[in-house]
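With the hints as your guide, set chain B onto chain A.
In order, the protein sequence lines correspond to chains A and B.
If you count the first sequence from 1, position 436 lands on 630 in the working numbering, and the numbers rise without skipping.
If you count the second sequence from 1, position 211 lands on 405 in the working numbering, and the numbers rise without skipping.
Derived by calculation from the structure, the hints in this document are not laboratory data.
Keep in mind it's a predicted model, so treat the numbers as computed, not measured.
Hints should not be assumed to be uniformly reliable.
Which copy is meant is left open, because identical chains are indistinguishable; a pair holds if it fits in one copy or across any two.
Here are the simulated SDA-like pairs of lysine to any residue, each with C-alpha atoms no more than 25 Å apart in a straight line [unchecked claim]: (1) K459 - L494; (2) K416 - E455; (3) K677 - A761; (4) K732 - F758; (5) K459 - A496; (6) K285 - S563.
There are 2 protein chains.
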Amino acid sequence: MADNVFESSDSVRHAKALRHAQTFTFDGPFQLELGGQLPSVTVCYETYGTLNAARDNAVLVCHAISGDSHVAQHDPDDDRGWWDIAVGPGKPIDTDRYFVICPNLLGGCRGSTGPGSVNPETGKPYARDFPTITVGDMVEVERRLIAHLGIPKLLAVTGGSMGGHQVLTWATRYPDQVAGVMALATSPRLTSQALAFDVVARNAIMRDPHYHSGQYYDSKTKPEVGLAIARMIGHITYLSGEAMSQKFEADRLQPRNVAIEFERKFSVGAYLGYQGQKFVERFDANSYLTLTMAMDLFDLGATPQELVMAFSPACCRWLIVSYTSDWLFPAFQSRNMADALIANNIPVSYCNVRSDGGHDAFLLPNELSVYGELMRAFLANLTGTPLEDAVQPVPDGLGHAPTSIFHKRRVDYDRIVELIPDGASVLDLGCGRGGLLARVRRKPDHRVVGIELDEPSVLTAVRRGLDVVQADLNEGLRSFADKQFDCVLLSQTLQAVYDVEGLLNEMLRVGKQGIVSFPNIAYEPLRRMLADEGRAPKSTGLLRHEWYNSPNIRFLSIADFEDFCRAKGIRIHRQIALNTEKDTEVTSDPNRHADLAIFVISRD
Amino acid sequence: MADNVFESSDSVRHAKALRHAQTFTFDGPFQLELGGQLPSVTVCYETYGTLNAARDNAVLVCHAISGDSHVAQHDPDDDRGWWDIAVGPGKPIDTDRYFVICPNLLGGCRGSTGPGSVNPETGKPYARDFPTITVGDMVEVERRLIAHLGIPKLLAVTGGSMGGHQVLTWATRYPDQVAGVMALATSPRLTSQALAFDVVARNAIMRDPHYHSGQYYDSKTKPEVGLAIARMIGHITYLSGEAMSQKFEADRLQPRNVAIEFERKFSVGAYLGYQGQKFVERFDANSYLTLTMAMDLFDLGATPQELVMAFSPACCRWLIVSYTSDWLFPAFQSRNMADALIANNIPVSYCNVRSDGGHDAFLLPNELSVYGELMRAFLANLTGTPLEDAVQPVPDGLGHAPTSIFHKRRVDYDRIVELIPDGASVLDLGCGRGGLLARVRRKPDHRVVGIELDEPSVLTAVRRGLDVVQADLNEGLRSFADKQFDCVLLSQTLQAVYDVEGLLNEMLRVGKQGIVSFPNIAYEPLRRMLADEGRAPKSTGLLRHEWYNSPNIRFLSIADFEDFCRAKGIRIHRQIALNTEKDTEVTSDPNRHADLAIFVISRD
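Here chain A stands alone, though its shape is the one from the complex (with noise of 0.2 Å):
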C-alpha cells in the first residue's frame, strides 16, 4: 500500500524528520496558569525567511491540535509542511518578505515539552502528572521563544482553530507586542456541539482499557483504539458535509483496500479507520487528552457583552477569516468576535469565505485565492504600503455588488465626502471596494470602517489599505453601538436594500448623523416614461436594469423621502439634490429636476 493512500488534503501533513527544527529550552519553575509548575520547558521551532535589522517583519503562526513546527517546506528536497499553500517564497505569507517563526505547542508531542517528555524530576515521562495546561500557557512560551530570538514586537501572529485560539491570547494579552493578528476559523470558545465531541474523544481514550491511567509509555499496549476513534471523531468534524459526500458518495461501497482493524464496509469508513491508525503511529493519547483539554478550557465568553469586555484590551490590528462550511467553528462565532473589535473601536477586516471545505478549508487549497490574498494584503496593510493605492480608483464591473449600480462615475463621492466633519469617525454601508472610504481618509484623521456582503469587494477594499467587515445589511447592525460613529454613510445602497426602514433606524442608531444619498424616481425623464410611454422608468444611466433583473428593489423620490422622514421622526440637517447628467446642483423643484439626491439626517 503506497504511503498515500488516503493522504488527503485536510488532514495536516508531518514530516517524517523534522530536519530544520530547532530547540531552545527554559529552566524553570515554569509557572502554568491553573497552577503547578513544569521544571523546565522545551520549544521545538522552526524557522522561515531572514530577520530584518528593525527586528519588525517576524510573522509567528501557531498551529492545531494535532500539527507540528513543520509549517512549511524548507526546500524543494524537504517534507511537505502543513501549511505549505500559505507560506514560502511569494506566497500569501511571503518568507521573502517576513520572518516566519512556528513553533510546536506545550503540550504537544512533536519536539516540544508535552506529555510524553521526561519529567528531569523522576527521570520518566510526565504521563498523567502532566498538569492541566492553557491556552494562555502555550502563548507564554511562544511569547519566551520570541523573547528569546530578539523580536522586540512581532508583525503578526496567525493560525486556524486551535491555532487561532492562540492568536486571540495573544491579542487579548499582549497588544503591544504585535502589530496585527490574523484568527482563521476560530472563535473566543467552543459551541457545546464542538466540545461535546471532544469530551466523547477523551472518553475513548481514557475507557480504553490499554490506557493504564495514562502509564502506558512503558506498556507493550497503548490505547491505540481510543485514540483511533478520537481521530475518527476529530476528522469527521474537521469536513463538511458536502465535502464528505463529494468525497465518498460515488463509491460509497468500494472502499479502497486499506489494511485497518475496523469496520471497511463503506469508503468512508475505510478512510476514517485509515487515518485513525495512521495517527496513533505519530501522535501520543495524552499529548491529545492535554491539548484538547487546554481548547476546551478556552474561553473568552459567549455573550456579546462578554466578548466586548474580553476584546477591549485588543487594540492591535485584525483580520478575521470564517469559512461557510465550517460547522465546527461556525461562522457566527467569527462574527461575533468582529462585533467585539467593532464595539472596541478596533480595527478589524473580516470575511466570511463561501467554502465547501469545513473546518479544514483554512488548510485547503481551494479558497486560497480569497482568505490567503487576504492574509497577504493584511500583512502589507501593517508594514504600511497597502498592495493597491486607496485612492486610484478600481474600475467598476456591473452589476455584481449593490453599490455602484448608477454611475460609472461616482458624482456623488466628493459631495458626500465634504458633507463629513472634520475628523469624523465614518461607517459606510455597503462600501463596496472602498472608493468613498478611500477618499474620506484623504482628509485628516477619520476612523473609517466598511461593511460590505460581496466577497471579492471586501478583498479589494483590504487591498486598499481599509478595515471591512463583510456583513449582510438586512440582517441589521447589532455589532455597533448606539451613536457609535460621528457619520453613517448610505450611498447608492438604499435602493437595493429590502427592509429599508430597518436599516435606516439602525442607521440613526449607531450614527449620530447619517448621510444617504439615492437616485430619484421622481426625476422628470422618469416620470415621462411612466406617464408618457406606459413603461416603469429606467434610463442608460440611472436606473439602467430592466424591470425583471434589476439589483434595485426599492423605488422612492425625493418627496416620497421626505414624507418618510417627516413620518418617522427623522430630522434633515441638509439635502442636495444633484443632475448627474449635467453634473451641476439642483435648487429648483429637486424632485422633478435631480436625478441623485443626498440626505443628511439624524434622530435626536
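Chain B alone, transformed into the frame defined by chain A:
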C-alpha cells in the same frame, strides 16, 4: 439521584414494562433479503384505538433505532410512550379515529426477534450469528403482522428517521397496501457524514475488548463502554447546535452531579455520559450494530435520476416533513424525495419545518403545531374529508406571504380558472393558502400541485385537501420535468420574485402553458401619482404598501411585459386586462386603464 435527572424530551422514553404489548410469532424459515434466513420471527407490538368495520382506519407507526412498541400511553397510569405527543385520543394521530399499530423492529431488543434472542436451532442467543438484515426485512415482518391483524390495506404508515426508511420502503414496494405515507426527518439514504458517525459508533463497540466477538451474553462483562460511546455520538447528532447551546452554555463548567464513569468536567459531558450509561442498561450492543447497519445499507439512490426511478412505483399519497436544524438527515434529502415524487406525478405535500430541535425535532413538542397538524390534516385528506372546506375562502391576512397582496377579493381567480383547459394538470407557483387551486379543483379531473414558501400557508392548503410543496420560487423549479404540466400559474406573485426572468423561463420549461397575472404599474392613477405628485406609485387597493416596506420588489407595466415576451421569444396566446376597482374587463388602451393583467403565454 432522581430517575429523571437529565431525562430529556429529546431522548426516546422507554416503558419500564411493556404491559400492553402483544406478540405474534410466525415460523420460518423467514428468508432475508441479503441471504440467510431466520427459523422463526416474533414481533412484539402494541395497538391503540379500534379497527373499524371497513378495516380501513389502520395507521402503522414505525420506530427509529432505539425506540420500541410503546409509542404512547394506553391509559393515564401507563408509562409514557416515545411519541405520546403525537399519538393518542384527540392527538394528531387520533386514536379515537384511527387504529394505531406499533411493532418493535426486527433486529431490536424490546420483544421482537433480534441478535439477543435465542436461536431455536442452537438454544443460545444469535449474537453475531444474527444475519445482516435490511429495512426491507423489517417491513416484510410488519407486513405479516398487518396480515395477521386482518388488515387488507393500511390507511397510512408513518415514522421518523429510520422509521421513515420503513415508510419509504412500504410506499415504494407495496404502494397498493397503503393509502398514504408520512415520512418525517428521513432520507433516501444516509449522507456520508451520517454514515461516518455510525461507522465510528460500530468501531467503538466492536473494538471494545468486552465485545468478545459478540458472544458477551454469558460474559461477566459487556461492551458497555463501546455502546455508551456510540450512544454519546448518536446524541450529539440528534441535537442541533442551537439546541446544545441553549441546553449547556449557561452552566458549561457546572455539570449536574451524576454518578457516571465518564468525564464530568463539562455539563455537556456529564449529560452525554449519563445518556450513554443509561443506554447500556436497556439496549443490546448487537442490536445497535444490526440496526445501524440496516439503516446504513438502506439506499434508494443518490442522484435525482436514481430517486425518480426509485420512487416511480410509490403511487400512494405522500406527506414529507423535514426540520431546518436537522443536520443528520438534512432537509435537502427530504426535498430531493419530494422532487422525485413530483417528477413521477405522485401527489406529495412537503414542509421543511422551521425548528431548533435538530434531528430529534420530530419527537419534540416545540413544532408539533406544524408537523403534528400537517399529519392530522393529511390523515383527514386520506379519509376523503379534509379538515377545512376547500372552496370556502380562508380570510386573507396581510403581508405574510408573497401572494394575495393586492386585493382582499381575488378578482383574477375566476378569470384564471376559465382560462385553464378542461382536465389540464395545473401547477400553481406561490399558491398561498390554496384559494386558486381549490377553485381549479372544482372543475373535474384536474391534477393540481401547489408551491408555496410560507409555512402557515402550506398547512392551511393541506388542511383544505391540497398537495403543496414548500419551496422558494427564487430557487427555480428544478424538480419539475420539461412540459410536465399543462398549465403553470403565477398569480400575482411575479412582482415579489427577485429573479423574474429565471422564474419565467422555468415556468415555461415546466408548463406547456403559463398563466401570469400581475398589477400594472402604468395604470392611469399610478402614472399620475408619479407624474403629478412626484411620488412612487401606490394606491389603497392595489399596491397599497409603502415604497419602504412593500413585499413587492418588481414593478412592470403591461407594455413592459409585452416587450419582455417579444425580446425573449415568449408567445402570448391571450391577454386579459382588468380594472379591479370597477370589476370590468378593459379593452381600450389597457396599459392605461387596467390595474391588473392576465397573460397566457408559452415558449414553443
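Verification of the hints:
Taking the shortest Cα distances, K459 and L494 sit within 25 Å of each other only across copies (18 Å), while inside one copy they are farther apart (43 Å). With identical chains, the CA atoms of K416 and E455 are at most 25 Å apart both within one copy (15 Å) and between copies (20 Å). In this homomeric assembly, K677 and A761 come within 25 Å of each other (Cα to Cα) only inside a single copy, at 22 Å, whereas the closest approach across copies is 50 Å. In this assembly of identical chains, K732 and F758 lie within 25 Å of each other by CA distance both inside one copy and across copies; the values are 23 Å within and 14 Å between.
In this assembly of identical chains, K459 and A496 lie within 25 Å of each other by CA distance solely across copies; the values are 18 Å between and 41 Å within a copy. With identical chains, the CA atoms of K285 and S563 are at most 25 Å apart within one copy only, with a shortest distance of 11 Å there and 55 Å across copies.
Checked against the numbered hints above, the structure violates none of them.
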